[in-house]
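Asks: Residue numbers (this note's numbering), protein chains in the order written: chain A, 28 to 339; chain B, 28 to 339; chain C, 53 to 441; chain D, 53 to 441.
It is worth saying that the hints were derived from the structure and are not from the lab.
Every residue, glycine too, gets a C-beta built ideally from N, C-alpha and C.
Be a bit skeptical, because a hint or two may be false.
Partner residues aside, some chain C positions facing chain B, computed with beta carbon under 10 Å [said to hold, decoys possible]:
no.: 1; residue: P59
no.: 2; residue: V121
no.: 3; residue: I125
no.: 4; residue: R132
no.: 5; residue: L317
no.: 6; residue: R321
no.: 7; residue: A337
no.: 8; residue: L339
no.: 9; residue: A351
no.: 10; residue: A355
no.: 11; residue: F356
no.: 12; residue: E359
no.: 13; residue: K361
no.: 14; residue: Q427
no.: 15; residue: N429
Here are the simulated lysine-lysine pairs, DSSO-like style, with alpha carbons at most 27 Å apart [unchecked claim]:
no.: 16; chain 1: A; residue 1: K236; chain 2: C; residue 2: K286
no.: 17; chain 1: D; residue 1: K111; chain 2: D; residue 2: K286
no.: 18; chain 1: B; residue 1: K236; chain 2: D; residue 2: K286
no.: 19; chain 1: D; residue 1: K309; chain 2: D; residue 2: K259
no.: 20; chain 1: B; residue 1: K236; chain 2: A; residue 2: K236
no.: 21; chain 1: C; residue 1: K259; chain 2: C; residue 2: K309
no.: 22; chain 1: D; residue 1: K361; chain 2: D; residue 2: K286
Residues from chain C that keep clear of chain A, each with C-beta distances beyond 12 Å, as calculated [said to hold, decoys possible]:
no.: 23; residue: G115
no.: 24; residue: D242
no.: 25; residue: L391
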Amino acid sequence: MDLYPTDEQRELVTAARAVTRAGAADVWTAATGQGWLALGLPEDAGGLGGSLADEARLYAEIGASAVAGPVLATSTAVRVAASAGRLDLVERLAEGRAGHAFATTGSVVAFDARDADVLLLVDEESGSLRLVPMTDAMVVADLTPLDPAVTAERVDLSGGEVLAEVTGAAAEHELVRAAVLVAAMLAGITNAATDLSVAYAGLREQFGKPIGAFQAISHRCADMAMRARAATAVTDFAAVSVDEHHPDARRRVAAARRHTETAALENTRATIQVHGATGFTWEHDAHRLLKRATFLAAGFLPRTAQTEALTA
Amino acid sequence: MDLYPTDEQRELVTAARAVTRAGAADVWTAATGQGWLALGLPEDAGGLGGSLADEARLYAEIGASAVAGPVLATSTAVRVAASAGRLDLVERLAEGRAGHAFATTGSVVAFDARDADVLLLVDEESGSLRLVPMTDAMVVADLTPLDPAVTAERVDLSGGEVLAEVTGAAAEHELVRAAVLVAAMLAGITNAATDLSVAYAGLREQFGKPIGAFQAISHRCADMAMRARAATAVTDFAAVSVDEHHPDARRRVAAARRHTETAALENTRATIQVHGATGFTWEHDAHRLLKRATFLAAGFLPRTAQTEALTA
Amino acid sequence: MRLRPTPEERQFADLAAEWLSRNVPREPRPPAGEPMAAFDRAWQRLQYDAGWAGVAWPKEYGGAGLSLVEQMIWFEQCARFDAPEPGVLNIALGHAGPVLIAEGTDTQRQDHLAAILRGDQVWAQGFSEPEAGSDLAALRTRGVVDGDHLVVDGTKIWTTGAHLSDWQELLVRTDPAAARHRGLSFAIVDLTTPGVEVRPITAMDGKVHFAQVFYDGVRIPLRNLVGGLGDGWKVAMTTLGFERGTMTLGTVIRLLKLIDDVKELARTRVDCRGQPLSTSDEVAARLADLEAEGVALHALAVAFVSEVKRTGSSSAGSMIRPLYAELSQRVKRTGAELLGRDGLTTDGTDEAARFVPAYLHSFGHTIGTGTAEVQRNVIAHRVLGLPRG
Amino acid sequence: MRLRPTPEERQFADLAAEWLSRNVPREPRPPAGEPMAAFDRAWQRLQYDAGWAGVAWPKEYGGAGLSLVEQMIWFEQCARFDAPEPGVLNIALGHAGPVLIAEGTDTQRQDHLAAILRGDQVWAQGFSEPEAGSDLAALRTRGVVDGDHLVVDGTKIWTTGAHLSDWQELLVRTDPAAARHRGLSFAIVDLTTPGVEVRPITAMDGKVHFAQVFYDGVRIPLRNLVGGLGDGWKVAMTTLGFERGTMTLGTVIRLLKLIDDVKELARTRVDCRGQPLSTSDEVAARLADLEAEGVALHALAVAFVSEVKRTGSSSAGSMIRPLYAELSQRVKRTGAELLGRDGLTTDGTDEAARFVPAYLHSFGHTIGTGTAEVQRNVIAHRVLGLPRG
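Isolated chain A (complex conformation) (with noise of 0.2 Å):
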């Protein structure tokens, strides 16, 4: 039993973030330099068999920053990919990216699609993962996103080509991972807002003292903390319950998968308060962690298929 990082991840997550908070504009590039998409791919499949709790922490920062660039639809396309013997495909997605849709037929709204080589269809009622090619021509209507690091399009899939898919256990297993690594993101953001919500009350002074001072503002932090650190523990619990095959593991996941996004979405929507007006401006970082942790509730595991894992 022991749920303290390693060093290895330790300097994983410094590395990371030394890329992340130090602005959006080269995360993808070093994204693929510091080997994010392949971290937890295994070796012969050309990745760094990194465990999922290894890239939990790792999806973490990402979620803390809610940069742009659609890093875990990219790696899960990866291991689709591998997980599909379609090893020349592993190799094109080094250099590619790949937008993702909750949807497999018609015309859908995919995200981050503009820009991609392929796209990852979800359809979680069956429990399928599929790739298709990716093209501009598919485009029906490009539409304004929530979260305003990522695009939003309207998608013709009417082409049909698939490139690879997997079905059965290896979808599933994908899809817990995917879960996992939201609900690390989910905790990721639930720390930044944490973060932000306690600097900003230490500093900002208002009736002659840090508002910090004054238990409207400081109890509502100690609320947020506490959803951090717990956000958290039970992400690297999940995680190393998938890791382990502990036979708990899917309830895990779905407990981390829930708490992560209300922790998130209770501490976006309150470090704007505790922000006042300015946590209400496009300039601050406070809405883009709220949108990201809204686009991201509403991704891998939705509330309905948490609600069913967990009353199991």
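Given the structure of chain A, go ahead and fit chains B, C and D onto it with the hints provided.
Replies: Relative to chain A, chains B, C and D alone:
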């Protein structure tokens, strides 16, 4: 448009408060003395012909004190008797008490049935109200009530004698009236819990000042006060709407019932917390208010029925 | 107690309904900028010409001279006929006008009140500063008397609608030696005065609702002071009540309609099994809570106008704004959440276009016009009499 | 990171499971009074004799000398086999023992630690006073040195289990001239000492959990001081951490079982249409929230013991208690609410007898061992470094 209480209503409240706040012992005598049971009964049935809005203001005081004595059940029983044309029974009940149960057959849990002359049986499913004679022989077991100011009994209803029954629109009207008066009692509790909290927060000192100077306490008190003001207003609103046969009356009654239930439970929980360990003792009134609120919340027009009326 | 209208109230409501049914603009309100402001002004002018502007304002200032009860009835009818909101005229009608009625000079009233009712003047507030948000008494913008003018230097921020406004209410420090809220004065300023610069600020919903206003040697005639030099805090505090109570009445009524719309949304949208969302008892319970709170808030507003009419004041005024703000947030969030993944764009569906921006905008409800925390301080101290920290 | 046990952890867990499967008492715990205390003592003695008492206590004091990780594993196995809780020995094992290990003299350790592990000594705390609840530094109970004794006069209140206890930890003011928390001393007192009077207090659930203790010239040998004269605040603060972190670990694990029981309750009880309550998606969503929070709290406890083992301390310790307290309240309230009208008696059904008293008792969770508000102050100031008000 005028929801400001009338002079008569304010006098009624002052008189009732003099009794309820003085202590529980003589409340039932006073209740009959002040004509509480007959307040809303039409004058041609021997009542005082008060409006439901008048009754609501009275019941708020009854709720606020969480006194013993089955006022609502007995006044409803009187009305059922009157509505069924049993004026002899109306007269008999002027000196008597009614217990009540939310079931009409078999072995059921009744409240305040031990010393009752009749039992008011409420069938919410079919919408009927029935009076049956109550004898000690019907008591199968005395139970321990959650609310220490009521009694609870397991009662055998196989006797079958029915003294009076109302169904259809007449029963519907009685159920709506009872729901408004439950809301009124809950509103009274909501206000009483607020008053207790504010008074204690202004007096109790810790860290060199009244605890009401700390936002953790003062903001909670502000929340309680908002719920309390809204609880009173929405109860008046619903009662007057029923009195005036407003087309939205049903929905407003459900709104009053739900708002006051939530408000009373929140405020009684909050007042225990504001009082700290003192609020956790048997000796302090806070738990009586909480338990009465819980008791009433399960009464006429419970949550599922409210949801139905509010989303129709 | 009575909800049924008196014959006079009934007549007022009928006339209002009749007029609104024929005059509510059919064309959509432009989404931003000067066209939006022109729309709001035109609608106000239409009301003014027909005698519906300023229902509760005194007759001598161009109002109808009725009570808040009639004002409430007017709002109810406006909601019923989906009339446009005051929009950019919100501060003029809801705050600046009442301030001048309560504290202005005769000249100020003559110069502005009828113009406001006609929709000819768009107003903004000018209270908050970068270092004085919740703590207004810490404001630093300075006004120095120079002959018959006040010369103002400094900056105001979070000024809603400043970029579209003609006039501004301005709270400035005129006596730097006096402590905190002593030494403040309340002036009104023509925003075309030289030295005023307005820089719009983009909000989290990507739109410009407010601005920062800079004052560089702005000369305001002393006759534009409201109250005397040094009376600014008193004027500001007296008049914040308008904003927190009466100004919210119209929005309360409109919120009831929005709750209906969210209920309708739940009836028309389906879940993954093709069932309407409203068939979920989780969704139904949530909507029932919103509906119950909406009715309770409506009732509180009615109790408030009743008490004001009968006794001249009501402490419920301080509660309506925070209750509205928080319920409105919940309603708008529920709308956005019912959209599920469709809520991840602001234009993928008509429903998203309606509910997602409203949700984002709602974060301002518990910050503007005093944060939720400040509103609770006000209730705790002024209504409940709890000690200050 | 690793959850899978090491071979040593696996062996420890297996041995624990094997022993518990054969030794957990089958008879129900008496509900109150001396029989209840006797039951708790006997169960503790059984553990002690088999070497399971004080898993994380040093060997020289009779413990097993293992880490909090093994302590956690032990709690997990105890929950698995439904072993009785420490009950009246809670303070002795969770607080008094650790205090003496950390701050006691050799004599004190010899006199008490093994006795505590054997279940021979029931302990109570003695911190709060009528005028010093959250504000412990305001306490007034006085201790005056008289020869080699401290003579104590005053009163302590909300002392859990005082009416069943042998010993008490006592924080008293020994230097009335020193300000607030300076001038306090920490002593341990034999509750049979002349001048001690214990008056039980009935709680809102109708039961006696705590008492008020009065001291009238109670003579405590100076050798019973923990730390020196005037060190009381330091000792108390150092040791409150035990209560807030490690003492809660066992209850966290038990809460997971209770959540399972509430889920089972929802599966077995039916609504008015005869459907299991669990088929309502409102109920299901609520239970899923509880389960998710329960797992998160479990994870936090594991992260806490891991960090303590690796680094010697963890600020998560201050979070476990408030998170536990509030989740536990929600779980118990959910249980009571699922009962519907059956929840209006405490003995009408077996389920009511189980869940309603638990719900009532749970109101104490956010009051005892520091109110929810004080716990947040601690996190804000000591963990987050926010300034004091």
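Asks: Given the hint that K236 (chain A) pairs with K286 (chain C), does the C-alpha gap stay at or below 27 Å?
Replies: Distance of about 24 Å is within 27 Å: holds.
Asks: Any CB of chain B closer than 10 Å to the CB of A337 (chain C)?
Replies: Result: holds, 5 Å to nearest chain B Cβ.
Asks: Hint check: is the beta carbon of F356 (chain C) less than 10 Å from a beta carbon of chain B?
Replies: holds, 8 Å
Asks: Classify the hint on K361 (chain C) as holds or violated, based on whether any CB of chain B lies nearer than 10 Å to its CB.
Replies: holds, 7 Å
Asks: Does the closest beta carbon of chain B sit nearer than 10 Å to the beta carbon of V121 (chain C)?
Replies: At 5 Å from the nearest chain B Cβ, V121 (chain C) passes the 10 Å test, so the hint holds.
Asks: Taking the least C-beta to C-beta distance, is N429 (chain C) closer than 10 Å to chain B?
Replies: With a closest approach of 7 Å, the N429 (chain C) hint holds.
Asks: Is the hint on P59 (chain C) kept, meaning its closest Cβ partner in chain B is under 10 Å away?
Replies: Violated - the Cβ of P59 (chain C) stays beyond 10 Å from chain B, reaching only about 13 Å at its closest.
Asks: Hinted pair, alpha-carbon criterion (27 Å max): K309 (chain D), K259 (chain D). Please report holds or violated.
Replies: holds, 24 Å
Asks: Far enough from chain A: is every CB of that chain over 12 Å from the CB of D242 (chain C)?
Replies: holds, 25 Å
Asks: Was the hint right that Q427 (chain C) lines chain B, CB cutoff 10 Å?
Replies: holds, 8 Å
Asks: Given R321 (chain C) as an interface hint, is its Cβ closer than 10 Å to any Cβ of chain B?
Replies: violated, 14 Å
Asks: Quick check on L339 (chain C) please, does its C-beta sit within 10 Å of some C-beta on chain B?
Replies: holds, 5 Å
When held up to the earlier numbered hints, the structure conflicts with 1, 4, 5, 6 and 25 and fits the remainder.
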